[in-house]
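S.K.: Note that the protein sequences, when read in sequence, are chains A and B. Residue numbering for the first sequence follows our numbering, beginning at 1 and increasing consecutively. Residue numbering for the second sequence follows our numbering, beginning at 139 and increasing consecutively.
Don't read these hints as lab results, they were simulated from the structure. Quick caveat, the model's predicted, so the values are computed rather than measured. Fair warning: there could be bad hints in the mix.
To be verified - Below, in silico cross-link-like pairs of lysine to any residue (SDA-like), each with a Cα-Cα straight-line distance of 20 Å or less: (1) A:K32 <-> B:D158; (2) A:K57 <-> B:D158; (3) A:K57 <-> B:D166; (4) A:K134 <-> B:P222; (5) A:K134 <-> B:E191; (6) A:K32 <-> B:A189; (7) A:K32 <-> B:S188; (8) B:K181 <-> B:K250; (9) A:K29 <-> B:A223; (10) B:K250 <-> B:L152; (11) A:K29 <-> B:T160; (12) A:K29 <-> B:S188; (13) A:K134 <-> B:M226; (14) A:K32 <-> B:A223; (15) A:K29 <-> B:E191; (16) A:K32 <-> B:E191; (17) A:K29 <-> B:L190; (18) A:K57 <-> B:I164; (19) A:K29 <-> B:D157; (20) A:K57 <-> B:R199.
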Amino acid sequence: MTFEGCRKAASVDLRTDRDVAMARGVVAKVMKGEGANTLMQTRFVTAVSEIARNAVKHGGGGRLDVFLLPRDRSVGVECRDRGTGIANLPEAMTDGFSTGDSMGRGLGGAQRLTSTFEIENAPGGGTVVRMTGKLQRR
Amino acid sequence: MRAAAIYPVEGVLLVSIQDDITDTDILDLQDALSERIGEMDAKGVVIDISALEIVDTFVGRVLAQLTAIARLLDAETYVVGMRPAVAMTLVELGMYLPENRTALTLTHALQKIRGSGPG
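Hey, can you work out the whole structure from these sequences and the hints?
M.R.: This is the structure we're talking about:
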């Protein structure tokens with residue numbers, strides 16, 4: 001899955017935790033503008049917060065792009081960081097697994113809160129997360 | 139601290155959190171609040187999260203820690219104003235916040251703190 005050809009609605013540079021808060025606000029605003037249901041917006045923005053924080057804390061910062069997917073009545077987010085990638089992806093997705101002092105619910109949680117979720121180590125280094133969220137419950 | 143404010147009211151510390159709060163702000167809040175509980179011998183803490191559009195795993199964890207710290211300092215903590223969509227999302231994340239007492243409104247939380255008395 002890529003968002004090639006999809007209209008980009010917004011972009012946020014991720015350097016500090018202030019940018020993580022900004023990413024939440026930007027995605028919320030885009031979804032609101034697209035007429036999203038409150039619960040769907042809350043779930044997706046929560047997932048955005050988890051992956052944006054990961055990019056800043058563990059990935060040396062990065063960038064988050066927001067796309068409109070009107071045919072799927074969804075929005076998409078792509079988050080690229082500048083880190084060394086994740087050594088064991090299946091392990092990282094497991095609830096309770098953590099490399100730090102966090103609870104290790106972030107990535108697995110983000111996956112549960114989104115309709116599609118993929119994570120990969122980019123060929124040139126860093127981690128890429130792509131996820132989509134529906135605007136309405138059905 | 140702009141993103142959160144602490145107001146002492148009759149032995150209870152009221153905390154309001156703004157929506158654009160950052161991870162750093164919320165850790166600062168944890169420090170400030172812990173000190174204030176000790177200083178004023180507060181019997182209760184009420185954290186108003188009605189402005190928060192989301193609560194993610196980080197904020198959830200800090201709320202749980204705040205409650206644990208307050209308990210060690212003999213104060214009970216209530217989280218009030220949680221939006222329904224936030225509650226549903228937290229449960230999906232597997233975060234049930236078992237340590238946190240919750241109340242729907244500030245008034246209810248204050249009544250519960252006053253009603254519990256000593257012990």
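S.K.: If a hint holds in the structure, say so; if it doesn't, say that too.
M.R.: Tested hints:
1. A:K32 <-> B:D158: Judged against 20 Å, a Cα distance of about 17 Å means the pair holds.
2. A:K57 <-> B:D158: Holds, at roughly 18 Å.
3. A:K57 <-> B:D166: 18 Å, holds
4. A:K134 <-> B:P222: 19 Å, holds
5. A:K134 <-> B:E191: 18 Å, holds
6. A:K32 <-> B:A189: This hinted pair holds, its Cα atoms lying about 16 Å apart.
7. A:K32 <-> B:S188: It holds: about 18 Å lies between the C-alpha atoms, which stays within 20 Å.
8. B:K181 <-> B:K250: Within the cut-off at roughly 11 Å; holds.
9. A:K29 <-> B:A223: 17 Å, holds
10. B:K250 <-> B:L152: Distance ~14 Å between K250 of chain B and L152 of chain B Cα, so the pair holds.
11. A:K29 <-> B:T160: 18 Å, holds
12. A:K29 <-> B:S188: Answer holds: K29 of chain A to S188 of chain B is near 18 Å, not above 20 Å.
13. A:K134 <-> B:M226: Holds: K134 of chain A and M226 of chain B sit about 16 Å apart, inside 20 Å.
14. A:K32 <-> B:A223: Roughly 15 Å between the alpha carbons, so the hint for K32 of chain A and A223 of chain B holds.
15. A:K29 <-> B:E191: 12 Å, holds
16. A:K32 <-> B:E191: Between K32 of chain A and E191 of chain B the Cα gap is close to 12 Å, so the pair holds against 20 Å.
17. A:K29 <-> B:L190: 14 Å, holds
18. A:K57 <-> B:I164: 16 Å, holds
19. A:K29 <-> B:D157: 13 Å, holds
20. A:K57 <-> B:R199: Status holds; Cα separation ~16 Å.
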